[in-house]
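Protein chains: 2
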Amino acid sequence: MEFNFQQYFNRTFPFWNRITDSQKEEYIQNSFLSNFKKGQFVHDPMGQCFGMLTVYKGQLRVFIQSENGKEVTLYRIDEGETCTLATSCIMDEITFDVFIEATRDSTLVVTNSSYLNRVSEDNVYVQNFIYKQTTEKFSSVMWSMQQILFLSFDKRLASYLYDEVIRTNESSLVVTHDEIAKELGSAREVVSRMLKYFQKEGFVILERGKVEIVNKDAIRKIAIES
Amino acid sequence: MEFNFQQYFNRTFPFWNRITDSQKEEYIQNSFLSNFKKGQFVHDPMGQCFGMLTVYKGQLRVFIQSENGKEVTLYRIDEGETCTLATSCIMDEITFDVFIEATRDSTLVVTNSSYLNRVSEDNVYVQNFIYKQTTEKFSSVMWSMQQILFLSFDKRLASYLYDEVIRTNESSLVVTHDEIAKELGSAREVVSRMLKYFQKEGFVILERGKVEIVNKDAIRKIAIES
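So the sequences go chain by chain: P and D.
Quick note on the UniProt record's numbering: the first sequence kicks off at 1 and runs consecutively.
Quick note on the UniProt record's numbering: the second sequence kicks off at 1 and runs consecutively.
Do not take every clue at face value.
Same chains, same names: a pair is fine if it fits in one copy or spans any two.
Unchecked claim - Dumping the calculated SDA-like pairs for lysine to any residue here, alpha-carbon to alpha-carbon at most 20 Å:
| # | residue 1 | residue 2 |
| --- | --- | --- |
| 1 | Lys155 | Gln65 |
| 2 | Lys200 | Pro14 |
| 3 | Lys200 | Lys210 |
| 4 | Lys182 | Ile148 |
| 5 | Lys182 | Gln147 |
Honestly, the hints are just simulated from the structure, not real lab data.
Isolated chain P, as found in the complex (with noise of 0.2 Å):
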């Protein structure tokens, strides 16, 4: 079956009812599906100007990395959602790069930038659909922000665990602790370090790549006590 531009496009963004008709013609044209694999990168800063992403079926996770290698994740997208950075060549404020790279396989809906330019600047709807988006994104990069630098260690481990059990409904968390630390910008051994802390207080048992929660009141607490 093939897949309706037109369909996703109406759905999905507010501008397509304020773009005319050849326009949306050739925003079809110009725009195609991507497949990702689990791990793979969609976008470097060293890589060129890729284009407006959407998440059809997958997630993705946004990241910078310092010279030494160390990660910090700033959010992630999921199904559904429209990311503007790996297309902020197009955008003269945005003046810092990301990592992006699939946290599952993907298929994204892409449009390619050269294009996007041009009708962004024809098109003050579309423009701002961009500039809205990135506002958005901006909220959750604060947010990662204050949670790494305004949070004790312990607290932010355990809302991160906290928050996963929640959005998984699993009590039992298919983890490593490089992949926890680079979620929370912090090293490997300092995740270890206090992983082995929880489960001494029997609020966690660890094995190799998972992390069961076996007290969750504990965890809660944990989390949201100043």
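Assemble chain D onto chain P, guided by the hints.
Just chain D now, kept in the frame of chain P:
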């Protein structure tokens, strides 16, 4: 001499020639000058939604604060620049709040939030200006975040000192250790320790409320070398 809002807005806002004459009139009616003394708060997270601010004279500092009072400067707003975060209530996408203080005696041109909300709903160019301004600040915040996360402290402090020397064109900086700590999101003790190390190395001479840079090249070298 009376302040000419019409002229000022025409010079400052790219949307000004996109709004109608009656919108212009209303815009001016809903705008006012506001004076703040150095150190005074312009906006805080507990306060109401103030309005869109353009700095006519002076300078503002935008920062966040943890529960235990630690501050991190996100960016500064200089003369001619606009800040939209004191009117974040009109943007659904902004889910965080900030402190804004005057770092010098300042005169601001303010347009109140309720009118701005109305006109930005009626006129996509006004709305687009607000989101563009916010996106620009996103870049500044990312820069701060990367500084905080990725640079070692000697490098961050050296960068700060070197930037101040360039900015003020003075080798003697009037600033307390506490002010530097707030600027860099660090503790005063850490700043004092590193400054003493710089003094011992002959890079700076410390006096009460003052840092004299005596070896600018050495400071620059620390700042730029990885």
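Going down the list of hints, with the structure as the test:
no.: 1; hint: Lys155 <-> Gln65; in the structure: between (23 Å within a copy, 17 Å between copies)
no.: 2; hint: Lys200 <-> Pro14; in the structure: neither (51 Å within a copy, 61 Å between copies)
no.: 3; hint: Lys200 <-> Lys210; in the structure: within (16 Å within a copy, 49 Å between copies)
no.: 4; hint: Lys182 <-> Ile148; in the structure: both (12 Å within a copy, 16 Å between copies)
no.: 5; hint: Lys182 <-> Gln147; in the structure: both (14 Å within a copy, 18 Å between copies)
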